[in-house]
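Peer 1: The primary structure of each chain is shown beneath.
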Amino acid sequence: MIDVVDVHKTYKSGTREVHALRGVTCHIQKGRRAFIVGPSGSGKSTLLYMLGVVDHPTSGRILVEGRDLTAMSEAERNDYRRDRVGFIFQSFNLIGNLSAIENVLVPFLPRGVTPERRDRAKELLIRVGLGDRLDHRPYQLSGGEQQRVAIARALVKDPDLLLADEPTGELDSKAGDEIHHLLRELQETSEATLVVVTHDRRFITPQDLVLEIQDGLLAGDDDAEPAGGLRSAADAAS
Amino acid sequence: MGVFAWRNLLTRPMRTLLALIGLSIPILGVLGLFSLSDGLRNMVGDTLSQIEGVMVMSENSPSPVASSMTTDVVAKIRAIPGVRAAAPEVWRLAPDVEGRGLTSRLIGGVMTKSWNSMLDQPVVTGQDIAAHAKLRSAVYPRSLKTKGEGRFLNEGDVGKPNVVISRKLAKQFGAGPGEPKKVGDRLRISDVDCTIVGLYDTGSMLLDGVIVMDIGMARKLLGMAPETVSAVYVEADTPPGYEAIREAIEKAEPTVTARSMNEVQSSFNVMMSEVDKVLMLVVSLALAVGVVGIVNTMLMSTTERFVEFGVLRTLGWSQADVLRLVTTESACLGLLAGVVGCLLAWAGATVANQFLGGGIRLGVTPGSMALGLGLSVATGVLGGFYPAWKAARMAPMEAIRLGSR
Ligand SMILES: Nc1ncnc2c1ncn2[C@@H]1O[C@H](COP(=O)(O)OP(=O)(O)OP(=O)(O)O)[C@@H](O)[C@H]1O
Ligand SMILES: [Mg+2]
Chain A
1 MIDVVDVHKT
11 YKSGTREVHA
21 LRGVTCHIQK
31 GRRAFIVGPS
41 GSGKSTLLYM
51 LGVVDHPTSG
61 RILVEGRDLT
71 AMSEAERNDY
81 RRDRVGFIFQ
91 SFNLIGNLSA
101 IENVLVPFLP
111 RGVTPERRDR
121 AKELLIRVGL
131 GDRLDHRPYQ
141 LSGGEQQRVA
151 IARALVKDPD
161 LLLADEPTGE
171 LDSKAGDEIH
181 HLLRELQETS
191 EATLVVVTHD
201 RRFITPQDLV
211 LEIQDGLLAG
221 DDDAEPAGGL
231 RSAADAAS
Chain B
1 MGVFAWRNLL
11 TRPMRTLLAL
21 IGLSIPILGV
31 LGLFSLSDGL
41 RNMVGDTLSQ
51 IEGVMVMSEN
61 SPSPVASSMT
71 TDVVAKIRAI
81 PGVRAAAPEV
91 WRLAPDVEGR
101 GLTSRLIGGV
111 MTKSWNSMLD
121 QPVVTGQDIA
131 AHAKLRSAVY
141 PRSLKTKGEG
151 RFLNEGDVGK
161 PNVVISRKLA
171 KQFGAGPGEP
181 KKVGDRLRIS
191 DVDCTIVGLY
201 DTGSMLLDGV
211 IVMDIGMARK
221 LLGMAPETVS
231 AVYVEADTPP
241 GYEAIREAIE
251 KAEPTVTARS
261 MNEVQSSFNV
271 MMSEVDKVLM
281 LVVSLALAVG
291 VVGIVNTMLM
301 STTERFVEFG
311 VLRTLGWSQA
321 DVLRLVTTES
331 ACLGLLAGVV
341 GCLLAWAGAT
351 VANQFLGGGI
361 RLGVTPGSMA
371 LGLGLSVATG
381 VLGGFYPAWK
391 AARMAPMEAI
401 RLGSR
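Those sequence lines, one after another, are chains A and B. Sequence positions in the first sequence follow our numbering and run 1 to 238. Sequence positions in the second sequence follow our numbering and run 1 to 405.
Just so you know, these hints were derived from the structure itself, not from any lab. Just to be clear, a hint being listed does not mean it is correct.
Said to hold, decoys possible - Derived DSBU-like pairs (lysine-lysine); straight-line CA-CA distance at most 30 Å:
(1) B:K390 <-> A:K157
(2) B:K277 <-> B:K251
(3) B:K390 <-> A:K12
(4) B:K220 <-> B:K134
(5) B:K182 <-> B:K145
(6) B:K145 <-> B:K160
Stated by the list, open to error - Computed from the model, here is a short list of chain B residues facing chain A with C-beta under 8 Å:
(7) F4
(8) N8
(9) T11
(10) P13
(11) M14
(12) T16
(13) G209
(14) E304
(15) E308
(16) T314
(17) P396
(18) I400
Computed from a predicted model, the values in this text were never measured in an experiment. Every residue gets a Cβ at the ideal spot worked out from N, C-alpha and C, and that includes glycine.
Let the sequences and hints guide you as you build the complete structure.
Peer 2: Next up, the structure:
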């Protein structure tokens with residue numbers, strides 16, 4: 001369960017201030033699929049990365065499963081990112097010097113990789129259809145295959161939260177479709193809440209929550225829960 | 001994580017190699033200097049332990065070769081109570097030997113790359129044979145008896161062009177390689193044909209460069225006035241001992257300098273500790289250069305991987321984890337440079353020992369290798385720290401944004 005309460009984000013570049021988010025309030029139930037859509041520069045990525053405590057709001061609160069992300073210490077944030085959040089990037093961002101399976105295990109590398117984790121990583125790579133490419137390096141994989149490795153990497157920690165920033169942005173439509181189906185399928189079999197930033201509305205089904213951002217403000221929801229999520233979260237805050 | 005660090009180093013083999021060379025050369029220099037100072041210490045220590053008396057020279061002479069006194073000091077010294085024996089000597093750099101002068105020897109040395117002949121300038125000493133026979137601690141007769149051949153000078157050699165030389169000089173002035181001068185052979189010094197009556201071998205590079213002959217003969221050969229002496233070698237009775245005698249001589253004869261070999265040894269030790277200080281300075285400079293090289297390399301490498309660190313941070317790596325990765329990389333680099341430096345130093349010392357004779361031996365001991373490795377790893381860690389800190393400190397968000405462009 002995610003509660004975003006009146007979140008503002010202001011970037012300062014030189015003397016100019018950019019209001020990337022101007023009071024976003026929303027509510028995403030546990031296990032849901034949410035899509036953040038909106039024009040370029042509207043603040044989609046900003047919001048997404050805040051859910052993963054990579055960035056923090058200028059003001060407002062974000063609660064995930066009852067934990068206040070804005071009140072976390074540095075160590076808590078590291079642990080949260082490592083254990084609770086799976087990230088999928090637009091440009092895959094695999095580590096070039098590591099093989100596919102090592103890339104999946106990279107969050108645990110500093111603390112040591114247990115055999116159970118390794119088995120889990122292997123299982124996930126098989127699940128995403130790369131069972132025969134475990135030891136391939138990123139440069140030996142196509143873009144779609146790299147993104148599959150990234151999906152396995154995001155899921156290896158059994159996250160509460162699966163965050164994807166335009167995961168198909170650098171893929172052609174066929175590979176993009178495959179990635180979306182895979183994400184959907186894997187999310188359904190896990191407990192994770194999926195939040196995807198996308199430009200491509202064809203992946204969105206009527207059951208999905210759509211958060212439309214314009215100019216740093218949530219424009220409402222076209223499909224399910226029209227403004228419902230918003231209102232309930234706003235009520236909770238007041 | 002170690003494997004990861006290692007692979008990151010191998011990604012840019014050329015850069016890693018350059019950084020490696022950059023650090024291994026200072027390490028090589030450090031080991032080289034240490035082994036040279038050790039070698040010097042051993043050699044001079046060897047030499048000094050063979051001499052025990054007091055050497056009297058004219059005031060402020062650095063060595064007997066540059067000293068000039070008159071024979072009357074000998075009588076004055078003998079008159080001092082506690083002096084057991086006093087043996088006058090003359091010392092000068094050798095004129096042409098076998099037609100080879102100083103310049104031609106130097107040039108020859110450069111041409112044949114024989115550093116020996118450049119380092120060892122032969123020296124002629126003339127001894128008062130009768131007085132020297134009374135000495136107990138005379139180096140040359142002793143070493144001739146134990147390791148040499150032929151005979152030492154005796155009363156019969158007074159005024160005759162008979163010489164005793166070292167095996168090393170015999171080799172140096174032989175007809176060719178493998179054909180050293182033998183007892184009975186002639187040795188042409190300046191324009192005098194001398195006869196070699198004995199060969200000695202002290203094993204010390206400093207002592208083995210000396211041609212020994214009668215004092216009168218030496219004065220004639222070197223063009224010195226008959227009453228000149230360079231040095232008087234003095235032995236003392238057990239009480240009062242050398243230090244007291246040294247002081248007594250300097251008091252009785254203010255124009256001379258008396259040096260007991262103990263004193264020389266201790267002043268040598270003082271000098272060597274000064275040398276060691278300079279050495280430490282050179283070492284620090286070399287390591288500073290090494291650190292700068294590592295900083296440069298690692299900074300380049302971390303700047304390049306800005307996005308990667310952002311990704312790692314986003315995936316749950318802490319700042320400390322990133323710091324650890326980068327320092328591991330630079331420590332590996334340091335270790336590698338240390339290994340290369342040690343191997344080079346060891347190889348260098350082995351080769352150098354082929355060319356350096358006469359008592360000086362360069363050694364790269366396990367201790368100094370451990371020191372070299374320790375220093376290089378420390379340099380690596382130190383040099384990696386700033387880039388690592390920079391890499392760990394950056395905001396992951398900025399790196400991610402950079403990466404998605
Ligand atoms: N570090 C920064 N300094 C200044 N402005 C920034 C910074 N980061 C983001 N912004 C601005 O914040 C706004 C929102 O950025 P964000 O990346 O969230 O947009 P987005 O909706 O994801 O756009 P896109 O669809 O192009 O990815 C943009 O106007 C952007 O220029
Ligand atoms: Mg974006």
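Peer 1: Of the numbered hints stated earlier in the document, which are not met by this structure?
Peer 2: Hints 2, 10, 11, 12, 13, 14 not satisfied by this model.
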